[in-house]
Amino acid sequence: MAKKLLMGNEAIALGAIRAGVRVVTGYPGTPSSEVLETVAKNNSGGQIYVEWSVNEKAALEVAAGAAYSGARALVTMKQVGLNVASDPLMSLNYVGVKGGLVLVVADDPGPISSQTEQDTRRFAGFAKLALFDPSSPEEAYEMAAYAFAHSERYGRPVILRPTTRVCHSCASVEISPEIARRTPPGFEKSSRWTIFPKLVYENHQKIEDELVRARVEFSNMSHNFYTGGNAAGKKGIAAGGVSYAYVRENLKEDECKLLKISTVPFPDALALKFLDGLEEVLVAEELDPVIEDELVRLCGVNGISAKILGKRTGHMPRAGENTPEIVANAVSAFLGNAKTVSPDGAPEPPRLPVRPPVLCAGCPHRASFHAVKEAVKGTPAVFSGDIGCYTLGNAQPLDMVDTCLCMGAGVTVAQGLQRMAPEVLHFAFIGDSTFFHSGITGIVNAVYNQTDIIVAVLDNSTTAMTGSQPHPGTGVTMMGGQSEKISIEKVVRALGVSEVYKADPLDQKAAKEAVRGAAAQKGVRVLLFESPCIALLRGKEKPKYKINPEKCTGCTLCVKKLGCPAVSMESRKAYITPGLCAGCGLCAGVCPAKAILSEGGGQNV
Amino acid sequence: MFNCMIAGVGGQGTVLASKLIAAAAMSRGFNARTAETIGMAQRGGSVVSHVRVGAEIFSPVIPLGGADLLIAFEPAEGVRQLKYLSKGGLMVVCENAVKPASGALGGNTYDAGEMLAYLRASVSNLITANGAELAGENIKTLNVALLGIAAGSGKFPFEAGAFEEALQQMINPRFLEMNIKAFEGGKNRWTIH
Ligand SMILES: Cc1ncc(C[n+]2csc(CCOP(=O)(O)OP(=O)(O)O)c2C)c(N)n1
Numbered sequence: 001m002a003k004k005l006l007m008g009n010e011a012i013a014l015g016a017i018r019a020g021v022r023v024v025t026g027y028p029g030t031p032s033s034e035v036l037e038t039v040a041k042n043n044s045g046g047q048i049y050v051e052w053s054v055n056e057k058a059a060l061e062v063a064a065g066a067a068y069s070g071a072r073a074l075v076t077m078k079q080v081g082l083n084v085a086s087d088p089l090m091s092l093n094y095v096g097v098k099g100g101l102v103l104v105v106a107d108d109p110g111p112i113s114s115q116t117e118q119d120t121r122r123f124a125g126f127a128k129l130a131l132f133d134p135s136s137p138e139e140a141y142e143m144a145a146y147a148f149a150h151s152e153r154y155g156r157p158v159i160l161r162p163t164t165r166v167c168h169s170c171a172s173v174e175i176s177p178e179i180a181r182r183t184p185p186g187f188e189k190s191s192r193w194t195i196f197p198k199l200v201y202e203n204h205q206k207i208e209d210e211l212v213r214a215r216v217e218f219s220n221m222s223h224n225f226y227t228g229g230n231a232a233g234k235k236g237i238a239a240g241g242v243s244y245a246y247v248r249e250n251l252k253e254d255e256c257k258l259l260k261i262s263t264v265p266f267p268d269a270l271a272l273k274f275l276d277g278l279e280e281v282l283v284a285e286e287l288d289p290v291i292e293d294e295l296v297r298l299c300g301v302n303g304i305s306a307k308i309l310g311k312r313t314g315h316m317p318r319a320g321e322n323t324p325e326i327v328a329n330a331v332s333a334f335l336g337n338a339k340t341v342s343p344d345g346a347p348e349p350p351r352l353p354v355r356p357p358v359l360c361a362g363c364p365h366r367a368s369f370h371a372v373k374e375a376v377k378g379t380p381a382v383f384s385g386d387i388g389c390y391t392l393g394n395a396q397p398l399d400m401v402d403t404c405l406c407m408g409a410g411v412t413v414a415q416g417l418q419r420m421a422p423e424v425l426h427f428a429f430i431g432d433s434t435f436f437h438s439g440i441t442g443i444v445n446a447v448y449n450q451t452d453i454i455v456a457v458l459d460n461s462t463t464a465m466t467g468s469q470p471h472p473g474t475g476v477t478m479m480g481g482q483s484e485k486i487s488i489e490k491v492v493r494a495l496g497v498s499e500v501y502k503a504d505p506l507d508q509k510a511a512k513e514a515v516r517g518a519a520a521q522k523g524v525r526v527l528l529f530e531s532p533c534i535a536l537l538r539g540k541e542k543p544k545y546k547i548n549p550e551k552c553t554g555c556t557l558c559v560k561k562l563g564c565p566a567v568s569m570e571s572r573k574a575y576i577t578p579g580l581c582a583g584c585g586l587c588a589g590v591c592p593a594k595a596i597l598s599e600g601g602g603q604n605v
Numbered sequence: 606m607f608n609c610m611i612a613g614v615g616g617q618g619t620v621l622a623s624k625l626i627a628a629a630a631m632s633r634g635f636n637a638r639t640a641e642t643i644g645m646a647q648r649g650g651s652v653v654s655h656v657r658v659g660a661e662i663f664s665p666v667i668p669l670g671g672a673d674l675l676i677a678f679e680p681a682e683g684v685r686q687l688k689y690l691s692k693g694g695l696m697v698v699c700e701n702a703v704k705p706a707s708g709a710l711g712g713n714t715y716d717a718g719e720m721l722a723y724l725r726a727s728v729s730n731l732i733t734a735n736g737a738e739l740a741g742e743n744i745k746t747l748n749v750a751l752l753g754i755a756a757g758s759g760k761f762p763f764e765a766g767a768f769e770e771a772l773q774q775m776i777n778p779r780f781l782e783m784n785i786k787a788f789e790g791g792k793n794r795w796t797i798h
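First to last, the sequence lines map onto chains A and B. Under this note's numbering, the first residue of the first sequence is numbered 1, with each subsequent residue one higher. Under this note's numbering, the first residue of the second sequence is numbered 606, with each subsequent residue one higher.
Don't take every hint at face value.
To be verified - For lysine-lysine, the following PhoX-like pairs were computed, each having C-alpha atoms within a straight-line distance of at most 20 Å:
no., chain 1, residue 1, chain 2, residue 2
1, A, Lys542, B, Lys745
2, A, Lys373, A, Lys542
3, B, Lys624, A, Lys4
4, A, Lys540, B, Lys624
5, A, Lys41, B, Lys745
6, A, Lys3, B, Lys745
These are computed hints drawn from the structure, not numbers from a lab.
Kindly generate the complete structure, drawing on both the sequences and the hints.
Below is the structure:
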């Protein structure tokens, strides 16, 4: 059988295709986005229906309908996406499904690109669902098919939960033959699809029984196991996710018992066998102490006296990502074979630059922020932000994002701030994808409750932060077809916003005028800044800009006002790095000496 | 097991370089595992790719001091990740600095020469390369050119031909010729200083 180099997310996608998935929905979010994209890329003949849904709640509900009809459905999102989809998910477990329904929910220990360090394994426990926790792309590939089968056997949705180190790591994955496809039987009307309190009670009973059954079944599942059964010592290690790989790497064959846990609910019988004869267990896992708590429970319930060491006892860090070193040190301290590290006497390295992520050179968001900043200079104003590339507008020198909470919150947080400080200008910045995801309800709230805010929509025609996915404003679908673009302007007008100001932010004069116009009004005003993300301009690049050193006075304004990564100071003159400039011309506009010129022959903008 | 780390700044193409190594290794019968930085840091932050090649590999991440080869696309990132280089390991570093955008606002800048001097003092197997000479105007092929240097050093557990095949497979035909040129240029030009 062939081996293929696959990234964890690709492995999940190919695993789901292999298992005959018919409908794939999702909303982008790092580190989950490549799953759906890979399905779309491998959707030969368009046999699978694939969509980027407007948000995670919609994605899950579309998939639920398909699963009611007996089709296998996959829904993808990042961990915080599950918060948005939690309402349908909680009830869907009670209602159940007919075709297998697998939610891929990617957790992000660190976090590397997220606003929380929540643990989806806890969510599975709370929602009373089965969850599969792969420790590598190979396991993720196998578990995708297993998860569908499990979901169908129990008639419940299940979660496949990779973490960043699985999603974004590549491995040599053995490709298995396709599983025979079935034609979904179609939706059959029945009282089971309509949730009522009586049905909920009955199904709650069933779910509890099923969880007991799954505990038993998971003790025999191939991804839950322990090794080192013949090891002599009284110490054992339990691990899950990528931490298992870190433990394996630091353990000699059969050095001690090693329990690998890949499921919620917990495989009690297997773990009891593992605990037999042990006096101390170290648990290596990321995010919450889930495996640790289950072992403590098992010991308590069964009168076992083993000590369970981990996050609760200070043997493992409570927050952040585990590294091979953290795990190696904990394992060797636990096993009493700590290596003494001799300082290597290397000289102190020179001070290193910090590299916070920044808006790209040529990003239209920089122009929008700059226009607002200049136009309201001197007027007290609060800038509520939201989630997307434009969150990076919080950095110096722009400093235009005063709040950021979760997707869609900028518009509504601004309303609360406004209620407490009506004399101040309140701006809410929101991206186009975020607008469709969860911005619209906030605008309805503001209009109906007569709040004074200015909503600035930063429309760059894409979902940039997560890698340029389409959304309802783009006219592109994942089935390769075109769709009528939904106009943000028409939407806000239909919601009752009459003051709508539109400008291309790269035309700073017009943009500032639009801001001043909006600032002079009352009520809900919408500023529409429309200019495509530079990532969409490949092949349509604009002429670059360069400095005329004769004219440059070295005043540094172009650097200090904009924070563009392409503009820096070299020998007291401004310098534009040719490979980086995207030709937006914003710097030319702020240059008082008119020393910045377009290579295309254009003048100062 | 052979461990290679690639260090750079978001946008320099570290992910492609690591995939090329993994694909080349697999074509020669090895297993491969990589770990990438994908997400927020790709917007100009520090990024690393871990590539591990061997028969049986558990962790996708290289332990500190475990890299046989460190390819740094930028001097300060080379210094930042030096802790991963094994004693006696080989480092290939591009001399040209990518200054942080905030640098010009004060404080947060650095001197590439100082970074390179530090590397010369601390790394016995060091190859430095001038990006402009390597990739010329075509800054996009810098990643492949640096990979060429590393391949030319003979450090990988397979021959450079495996990379040429990987390039054929993975690079968009429109850019293939220019990438092959960059790879060969790197491979033929540089020796250990
Ligand atoms: C509930 C939730 N889902 C998904 C994400 C991941 N995410 C972060 S930013 C973003 C997209 C923002 O797109 P847009 O609003 O168009 O702004 P842009 O990045 O294009 O500037 C997404 C999907 C998230 N943080 N929270």
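Hints versus structure:
With a C-alpha separation of about 17 Å, the suggested pair Lys542 (chain A) and Lys745 (chain B) falls inside the 20 Å cut-off, and the hint holds. Distance check on the hinted pair: Lys373 (chain A) and Lys542 (chain A) sit about 25 Å apart at the alpha-carbon level, beyond 20 Å; violated. About 12 Å separates the Cα atoms of Lys624 (chain B) and Lys4 (chain A), which keeps this hinted pair within 20 Å; it holds. Between Lys540 (chain A) and Lys624 (chain B) the alpha-carbon distance is near 28 Å, which puts this suggested pair outside the 20 Å criterion.
The suggested pairing of Lys41 (chain A) with Lys745 (chain B) is violated, with an alpha-carbon distance near 25 Å, which exceeds 20 Å. For the hint linking Lys3 (chain A) to Lys745 (chain B), the alpha-carbon distance of about 30 Å lies beyond 20 Å, and the restraint is violated.
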